Amino acid sequence: MEERIRSQSEPRGVSSALLLETHGLTRHFGGLAAVNRVDLRVAEGEIVGLIGPNGAGKTTCFNLLSGFIRPTAGTIRFHGEDISRLRPHQVVKRGLVRTFQLTTLFQELTGLENVLLGLHLHSRRSLGRALFSRRRFPPDEVARSREVLEFTGLASQADQLARNLPHGHQRVLGIAMALAARPRLLLLDEPVTGMNLDESGRVMALVKTIRDRGVTVLLVEHNMKAVMGTCERIVVLNFGQTLAEGSPAEVSTNAKVIEAYLGAGLAHARG
Amino acid sequence: MRRLRVGVLIVLVLLMLLVPQLGGDYYVHVFALVFTNVILAASLRPSLTCGQLNIGHSAFMSVGAYASALLAKNLAVSFEVSMLCGALLAAVVGLVIGYPSLRLRGVYFAMVTVAFVEVIRLIAQLWVPLTRGMSGLSGIPKPNLLGVTLVTKASQYYLALFLMLLTLLILWKLESSRLGLIWKSIGMADNLAQSLGVNIANHKLLAFLLGCFFAGVAGAFYAHFIRFLFPPEFGFLMATNILVYNYVGGRGHFAGPIVGAAFLSLLSEPFRGSAYETIFFSIAMLLTILFLPGGLITLPGKLAELRGWKSASAHSPSPAA
Ligand SMILES: Nc1ncnc2c1ncn2[C@@H]1O[C@H](COP(=O)(O)OP(=O)(O)OP(=O)(O)O)[C@@H](O)[C@H]1O
Ligand SMILES: [Mg+2]
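Residue numbers (the numbering used here), protein chains in the order written: chain A, 1 to 271; chain B, 1001 to 1321.
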């Protein structure tokens, strides 16, 4: 993590090299266009929010970007390279790492082991090493994992089983694992869901620190306070399509956006 | 605790070394077969850990057994070579079946492996010129190891013991390495593993092929030990037994399949080959699911818990609401 972070610590905002660019990104599920001709652009060093009512297609977008599902149409370019046909592990290799909306951890492993698995791509491994080395993990990998735990505030939880961690820490552990994979672009799917005010504040501060260390962030979140306070730019999805795009101030006063959210609210109220 | 475990292990190995001295040929025979079953059970574990339900392990044992037997019988190849060829062929066959079915999950993968057991059995049954089909393949030479024929049952027993210990050592080293952690992670949450850059297809394949290889080793030993191969022996029943060893022994620890295979094959020895064998294994599986879902290896912990609970309730007799 450190190398990439240091090498890219140039002032942000200045460099606006395009990191991620989708073109007409579309995904159908049967007759439903869950993501419909979305053009998404994320520049290096940004924190971009992807918001929208339930079912708008945000997670589907993430699944497309991370290679978990294939687009029905459209392309995804990451650092200029077309990655729309790659499989998940190949996407990660290029530096695009995602987290999951539903807490997804290796529940029966410790915090440290979870993060060690995050280092997967950056570890030296071979059958010979597995057979003849006396150590399970090289000390430098353990040290790096502890560093990541420290950075995310989980140092004291290193030896706890993931399933025994409180919900908030579980969510953060998910982020720590993604960080261990050394992302250039980090996709966070509802990182502060189910957290109290205090916890969500800390996580959003963490997100900013991550960006300040050179990682670009694209995040999905329903907690508007968190989104407005953290993101520099926001993209609003509704029924799979881009509804609006702009600064937090622009988006939150956009009539179409308000209507979409109110409409969703009314639909909820009606059951 | 670690010292204690190492001590127990050493005593166990010493005892196993003494079986030919203490017991007669009967025990030598029984234990050599137990060792084969241990190899089979332990070699299925990596695949199971990855979350693949392989109900076809006996097919790979069959491939190893026939290949090694035919090489030794027809071409007078020595045991170490024929065994290695048998194991490698089992792995190659595993590659042919495993590669296309890797994307299948759970029940679908299980169905492919079940079907495969039948395919291999039918090939062994129908390829009469080579395998003698349902007459069975007889006249398989005793294991000829490095130019020395192992004539006595006792020497063959030591060969089985050696092969088992070597297999377990290799599998243990792999399981306790990063590779083992990756297998576990795939079994726990394969989408998360993928999202961290793990090529789950390759790792599942490796785990599967490793199992095929060692099943081939077990088969090769079996062929030169029993010296008679009969296609239906390696059928669905044996395949499920290997799976049952893992579940009854326990999935949570490396020792699980070892304990399961040893325990069940010793207990089922009186019924071996009879109709009661199936009933015995079914009951063992049922009892485990009902009373010891973590398998036999969780028994000591359970007992300690029970004792602690009893002594605690003895100290504080007031019933809590
Ligand atoms: N695998 C799938 N098969 C069929 N339909 C799907 C699938 N995945 C998502 N959908 C549908 O696509 C639409 C978009 O879902 P998605 O999960 O992307 O929404 P979201 O914006 O992440 O919502 P939320 O805020 O509730 O997480 C929904 O109508 C959903 O039911
Ligand atoms: Mg979602």
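Be aware that one or more of the hints could be misleading.
Claimed, not checked - Beta-carbon label-pair distances, calculated as ranges:
{"id": "1", "chain 1": "A", "residue 1": "133", "chain 2": "B", "residue 2": "1228", "range": "24 to 30 Å"}
{"id": "2", "chain 1": "A", "residue 1": "212", "chain 2": "B", "residue 2": "1008", "range": "49 to 55 Å"}
{"id": "3", "chain 1": "A", "residue 1": "150", "chain 2": "B", "residue 2": "1021", "range": "53 to 59 Å"}
{"id": "4", "chain 1": "B", "residue 1": "1103", "chain 2": "A", "residue 2": "73", "range": "19 to 25 Å"}
{"id": "5", "chain 1": "B", "residue 1": "1202", "chain 2": "A", "residue 2": "138", "range": "20 to 26 Å"}
{"id": "6", "chain 1": "B", "residue 1": "1228", "chain 2": "A", "residue 2": "163", "range": "49 to 55 Å"}
{"id": "7", "chain 1": "A", "residue 1": "209", "chain 2": "B", "residue 2": "1095", "range": "30 to 36 Å"}
The hints are simulated quantities; they were obtained by calculation from the structure and are not laboratory data.
For clarity, every value in this text was computed on a predicted model and none was experimentally measured.
Don't be surprised by glycine CBs; every beta carbon is placed ideally from N, CA and C.
Between residue 150 (chain A) and residue 1021 (chain B), does the beta-carbon spacing fit 53 to 59 Å?
Once the Cβ atoms are compared, 57 Å apart, the range 53 to 59 Å for residue 1021 (chain B) and residue 150 (chain A) holds.
Within 19 to 25 Å: is that where the Cβ-Cβ distance between residue 1103 (chain B) and residue 73 (chain A) falls?
Holds, since residue 1103 (chain B) and residue 73 (chain A) (Cβ atoms, about 24 Å apart) stay within the stated range.
Residue 1228 (chain B) versus residue 163 (chain A) beta-carbon gap, inside 49 to 55 Å or not:
The hinted range 49 to 55 Å holds for residue 1228 (chain B) and residue 163 (chain A), with Cβ atoms some 50 Å apart.
Residue 209 (chain A) versus residue 1095 (chain B) beta-carbon gap, inside 30 to 36 Å or not:
The hinted range 30 to 36 Å is violated for residue 209 (chain A) and residue 1095 (chain B), with Cβ atoms some 47 Å apart.
Range hint 49 to 55 Å (beta carbons of residue 212 (chain A) and residue 1008 (chain B)) holds or violated
Between residue 212 (chain A) and residue 1008 (chain B), where Cβ atoms are some 54 Å apart, the hint holds.
Taking 20 to 26 Å as the hint, is the beta-carbon distance of residue 1202 (chain B) and residue 138 (chain A) inside that range?
With a Cβ separation near 21 Å, residue 1202 (chain B) and residue 138 (chain A) satisfy 20 to 26 Å, so the hint holds.
Cβ distance range 24 to 30 Å for residue 133 (chain A) and residue 1228 (chain B), holds or violated:
Check failed, 43 Å falls outside 24 to 30 Å.
Checked against the numbered hints given earlier, this structure breaks hints 1, 7; the rest are met.
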